[in-house]
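There are 2 protein chains.
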Amino acid sequence: MSRTHARTKPQSEVEARAALMRAADVGDALMGRLISQHGAQQAVEAIRARTLPSEFIAREAQQERPQDLTSRLHTWYARLAAANPAADLKAGQSSGARLIIPGDAEWPTQLDQLGPSRPLGLWVHGNADLRFSCLKSVAVVGARAATPYGSYVAAEFGVGLSESGWTVVSGGAYGVDGAAHKGALAAGSPTVVVLACGVDICYPSDHESLFTSVKEQGVVISECPPGVHPTRARFLIRNRLIAALSRGTVVVEAAIRSGALNTATHALSLNRHLGALPGPITSAMSAGCHRLLRERKAVCVTSSDDMIDLVGVMGDDLAPQIRAPAVPRDRLNEPTKRVLDAVPARGGAGPASIAVAAGVSLDAALSALGGLAAAGYIERTPKGWRLRKQTTAYRKAPDSAALEPPPTPEPDPTDTPPFPDDFPDLDYDHPQPHEPHNVP
Amino acid sequence: MSRTHARTKPQSEVEARAALMRAADVGDALMGRLISQHGAQQAVEAIRARTLPSEFIAREAQQERPQDLTSRLHTWYARLAAANPAADLKAGQSSGARLIIPGDAEWPTQLDQLGPSRPLGLWVHGNADLRFSCLKSVAVVGARAATPYGSYVAAEFGVGLSESGWTVVSGGAYGVDGAAHKGALAAGSPTVVVLACGVDICYPSDHESLFTSVKEQGVVISECPPGVHPTRARFLIRNRLIAALSRGTVVVEAAIRSGALNTATHALSLNRHLGALPGPITSAMSAGCHRLLRERKAVCVTSSDDMIDLVGVMGDDLAPQIRAPAVPRDRLNEPTKRVLDAVPARGGAGPASIAVAAGVSLDAALSALGGLAAAGYIERTPKGWRLRKQTTAYRKAPDSAALEPPPTPEPDPTDTPPFPDDFPDLDYDHPQPHEPHNVP
Numbered sequence: 001m002s003r004t005h006a007r008t009k010p011q012s013e014v015e016a017r018a019a020l021m022r023a024a025d026v027g028d029a030l031m032g033r034l035i036s037q038h039g040a041q042q043a044v045e046a047i048r049a050r051t052l053p054s055e056f057i058a059r060e061a062q063q064e065r066p067q068d069l070t071s072r073l074h075t076w077y078a079r080l081a082a083a084n085p086a087a088d089l090k091a092g093q094s095s096g097a098r099l100i101i102p103g104d105a106e107w108p109t110q111l112d113q114l115g116p117s118r119p120l121g122l123w124v125h126g127n128a129d130l131r132f133s134c135l136k137s138v139a140v141v142g143a144r145a146a147t148p149y150g151s152y153v154a155a156e157f158g159v160g161l162s163e164s165g166w167t168v169v170s171g172g173a174y175g176v177d178g179a180a181h182k183g184a185l186a187a188g189s190p191t192v193v194v195l196a197c198g199v200d201i202c203y204p205s206d207h208e209s210l211f212t213s214v215k216e217q218g219v220v221i222s223e224c225p226p227g228v229h230p231t232r233a234r235f236l237i238r239n240r241l242i243a244a245l246s247r248g249t250v251v252v253e254a255a256i257r258s259g260a261l262n263t264a265t266h267a268l269s270l271n272r273h274l275g276a277l278p279g280p281i282t283s284a285m286s287a288g289c290h291r292l293l294r295e296r297k298a299v300c301v302t303s304s305d306d307m308i309d310l311v312g313v314m315g316d317d318l319a320p321q322i323r324a325p326a327v328p329r330d331r332l333n334e335p336t337k338r339v340l341d342a343v344p345a346r347g348g349a350g351p352a353s354i355a356v357a358a359g360v361s362l363d364a365a366l367s368a369l370g371g372l373a374a375a376g377y378i379e380r381t382p383k384g385w386r387l388r389k390q391t392t393a394y395r396k397a398p399d400s401a402a403l404e405p406p407p408t409p410e411p412d413p414t415d416t417p418p419f420p421d422d423f424p425d426l427d428y429d430h431p432q433p434h435e436p437h438n439v440p
Numbered sequence: 001m002s003r004t005h006a007r008t009k010p011q012s013e014v015e016a017r018a019a020l021m022r023a024a025d026v027g028d029a030l031m032g033r034l035i036s037q038h039g040a041q042q043a044v045e046a047i048r049a050r051t052l053p054s055e056f057i058a059r060e061a062q063q064e065r066p067q068d069l070t071s072r073l074h075t076w077y078a079r080l081a082a083a084n085p086a087a088d089l090k091a092g093q094s095s096g097a098r099l100i101i102p103g104d105a106e107w108p109t110q111l112d113q114l115g116p117s118r119p120l121g122l123w124v125h126g127n128a129d130l131r132f133s134c135l136k137s138v139a140v141v142g143a144r145a146a147t148p149y150g151s152y153v154a155a156e157f158g159v160g161l162s163e164s165g166w167t168v169v170s171g172g173a174y175g176v177d178g179a180a181h182k183g184a185l186a187a188g189s190p191t192v193v194v195l196a197c198g199v200d201i202c203y204p205s206d207h208e209s210l211f212t213s214v215k216e217q218g219v220v221i222s223e224c225p226p227g228v229h230p231t232r233a234r235f236l237i238r239n240r241l242i243a244a245l246s247r248g249t250v251v252v253e254a255a256i257r258s259g260a261l262n263t264a265t266h267a268l269s270l271n272r273h274l275g276a277l278p279g280p281i282t283s284a285m286s287a288g289c290h291r292l293l294r295e296r297k298a299v300c301v302t303s304s305d306d307m308i309d310l311v312g313v314m315g316d317d318l319a320p321q322i323r324a325p326a327v328p329r330d331r332l333n334e335p336t337k338r339v340l341d342a343v344p345a346r347g348g349a350g351p352a353s354i355a356v357a358a359g360v361s362l363d364a365a366l367s368a369l370g371g372l373a374a375a376g377y378i379e380r381t382p383k384g385w386r387l388r389k390q391t392t393a394y395r396k397a398p399d400s401a402a403l404e405p406p407p408t409p410e411p412d413p414t415d416t417p418p419f420p421d422d423f424p425d426l427d428y429d430h431p432q433p434h435e436p437h438n439v440p
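First to last, the sequence lines map onto chains A and B.
Anchor point for the first sequence: position 396 equals 396 in UniProt numbering, and the numbering is continuous, going up by one each time.
Anchor point for the second sequence: position 329 equals 329 in UniProt numbering, and the numbering is continuous, going up by one each time.
Heads up, some of the hints might be wrong.
Restraint ranges, calculated between C-beta atoms of paired labels, are given here [stated by the list, open to error]:
#	chain 1	residue 1	chain 2	residue 2	range
1	B	R48	A	R346	43 to 49 angstroms
2	A	L366	B	A105	20 to 26 angstroms
3	B	E216	A	L362	24 to 30 angstroms
Every beta carbon over 12 angstroms from chain B, so not counted as near; a handful from chain A, in silico [said to hold, decoys possible]:
#	residue
4	H38
5	G39
6	E45
7	E55
8	S71
9	T75
10	A81
11	E156
12	E216
13	G275
14	T302
15	D309
16	V313
17	K337
18	A355
No wet-lab data here; the hints were simulated from the structure.
Each residue gets a CB set at the ideal place from its N, CA and C atoms; glycine is no exception.
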């Protein structure tokens, strides 16, 4: 499962960063600034010498909230003393993983947007190319304690995104994360698991076989050195990577208090797209999503197509517009509809009173009545015109949404009347049998 | 059940409008303009004389889409000839209803925003005062073919809005409408049913007892004369009244093709507030709501409080902020949390290595360890400090949302550590038992 990659940086640089990944906490912006100003190797020397470069100290003094450099240096020093980067590299590589650092061909440059809190390096384990996999990627995140609804939808999104050529990025946790990864794997696509522990640690342990499949088809990555176990802090800091790697994040299920909302916050602060999935208002696991929607921080996303529409190239990845079902009555022109409305269901009415009720001329009424009779909407009785029995029968059983009135003006009225068979639409507002509208 | 009201207009004016309500279709803007320019009585005379005022004809010629005045006049004339306004007023009043017209004390002036398509008059049946009832009102609309979820939520909204002193306005139909009205009645509040037929017609017939209760507690209203039956056109035009009477409209359930969306469109065009209720993306009856949310036409509303927050007086009717449950760990200060994270679950670690792992000074680590031990988070063993057994036990069973990490920075860290009993939060990210972070 091991995979070689173009190493553009000298081994010394790699070892220096491996050492600093031990010295600093993940997302340590102070270390980030030290490296960006003086390089990894000089940073290592400075820490070992317990003296930070004076220019660095001067610059830090101008920071908004200057930090206690002495204590930080002490912490770095103590950890560096205990660190063994060569052993780390050996351990990682023997486990089949590789350490990539900024400047490497596989480095996902979108992480540079994280500034000084950009990872010092990333341990990558798997057959896919991380950078390539994340070019078109979506983060699917949500509660570990997902409901069956949440797990189902997460898997659907995993499949849907993958089938459209998008990579699913998530945290490999229970619930939404795992379901999304599994959906992506089922669709035969690479998927990216971002861990809050070393890539050689299987956390949660129940996901061992999942992670094995991911390493085959995608990658498991982490900014933690081998052997490091997860902590709360690392989970929260890990979330910034999930948001930063992908073009957009969709929150599938989240309680009001949820780590997924932390990822959402990172996505927004990185100006990435944010989608939220609606659910029943009776479900506490959707309350976080609904708050994101209510506060207009997230776009309402109801399918993977919706999400692709959001993150995709404008016009290139548009979600298919949902269309309302057309019903036969749409195909009647306006005066004919008015005449049909004026025909009683019981008894009968003459063309003249129907014309008055419909507000059309007698000629118009006569021709419309002819057409409606031909199409089987109405029938002539000794008492005059009335709706056909089967129509009245239909009216007793309203049930489908298709029976409701169109929200928009009626479609092209030039069509011809339909056959009587597909008729349920007359159902709409299933009125009582009625007489013409004149008062008695 | 009959109710007298201050009639400020002469009977002749009332009879004239009653006659014109027969002559014109509901929402007939042409008739509206004729009346606004020449008054109802002159309009009646003009129609009877089959000659429209020349100024009116001249003005109409300048309309964007001038209408065929001759055919309209013919229709009005024919219907007026068949009309008997005195009989209408008698029939309505004997049934217990009253006809109110613009200028009456009970007239809801917010309808004037409808311009020329404002109703010519309104038949009102019930003990409540229409104008007063609608001062603080919300339209609760949705599918007739509501799901159990939709009906449940509609009833909840009916109760919630009423208990907060808001009147529910709806169409009295099956499904969402009926459930909302029933919820309002259950809360002992007036509610307003806007019919698309005469107030003496019970449509749908199964709602006879509902309408009877509404007339006791609220009002049933219609712009149709007595005896008039519903038609598709009247339902769509009726919807503008529901939107115009209320301060805002909430769509509880709506398929992509739904009359409720037609009401939503009216609400938007009248610049009233629009809310939509989320539901499962797997439910076709929520697709219309989700589209409104996705297109940002509606605000996501998950409770009657949310809706009141939307339509209410700024700052006066704010919805209570949902709070995340606070968990014990929140009450630990930052260094103490870091130390707790660095204490292994199995084996044990000395203060020095814990201090290095946590990135705090030895003194800070020692005091934090003391506090954590006192609070029962950790215990001292021959091998050093480790998490208390019960804690480790907790870690095996992750299930509740409250166990997830906070989306926001931790609360006030000055609090004292809590008792060990309420401890589930240590569950968050339930890690494997782990050793300190130094490599072996």
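A quick look at each hint next to the structure:
The hinted window of 43 to 49 angstroms between B:R48 and A:R346 is violated, with their beta carbons roughly 32 angstroms apart. The beta-carbon spacing between A:L366 and B:A105, approximately 47 angstroms, falls outside the hinted interval of 20 to 26 angstroms. B:E216 and A:L362 have their C-beta atoms about 45 angstroms apart, which leaves the hinted 24 to 30 angstroms range violated. With 12 angstroms as the threshold on Cβ separation, the claim that A:H38 sits away from chain B holds: the shortest Cβ distance comes to roughly 21 angstroms.
Once the 12 angstroms rule is applied to beta carbons, A:G39 is consistent with being away from chain B; the minimum gap is 23 angstroms. Every Cβ of chain B is farther than 12 angstroms from the Cβ of A:E45; the closest lies at roughly 20 angstroms, confirming the non-interface assignment. Distance check for A:E55 against chain B: the nearest CB is about 24 angstroms away, which clears 12 angstroms, and the non-interface claim stands. Distance check on A:S71: its Cβ comes as close as 6 angstroms (rounded) to a Cβ of chain B, failing to clear the 12 angstroms threshold; non-interface status is violated.
Interface exclusion of A:T75 from chain B breaks down, the closest Cβ pair being 4 angstroms apart, not more than 12 angstroms. A:A81, annotated as away from the interface, has a beta carbon of chain B within 12 angstroms; the closest lies near 9 angstroms. Distance check on A:E156: its Cβ comes as close as 9 angstroms (rounded) to a Cβ of chain B, failing to clear the 12 angstroms threshold; non-interface status is violated. At roughly 23 angstroms from the closest C-beta of chain B, the C-beta of A:E216 stays outside 12 angstroms, upholding its exclusion from the interface.
With a least beta-carbon separation of about 10 angstroms from chain B, A:G275 fails to lie farther than 12 angstroms from that chain, contradicting its non-interface assignment. A:T302, annotated as away from the interface, has a beta carbon of chain B within 12 angstroms; the closest lies near 4 angstroms. Its beta-carbon lying about 9 angstroms from the closest one in chain B, A:D309 breaks the requirement of being farther than 12 angstroms from that chain. Once the 12 angstroms rule is applied to beta carbons, A:V313 is consistent with being away from chain B; the minimum gap is 19 angstroms.
A beta-carbon of chain B comes within 12 angstroms of the beta-carbon of A:K337; the shortest separation is about 7 angstroms. Separation of A:A355 from chain B is inadequate, the least Cβ-Cβ distance of about 8 angstroms not exceeding the 12 angstroms criterion.
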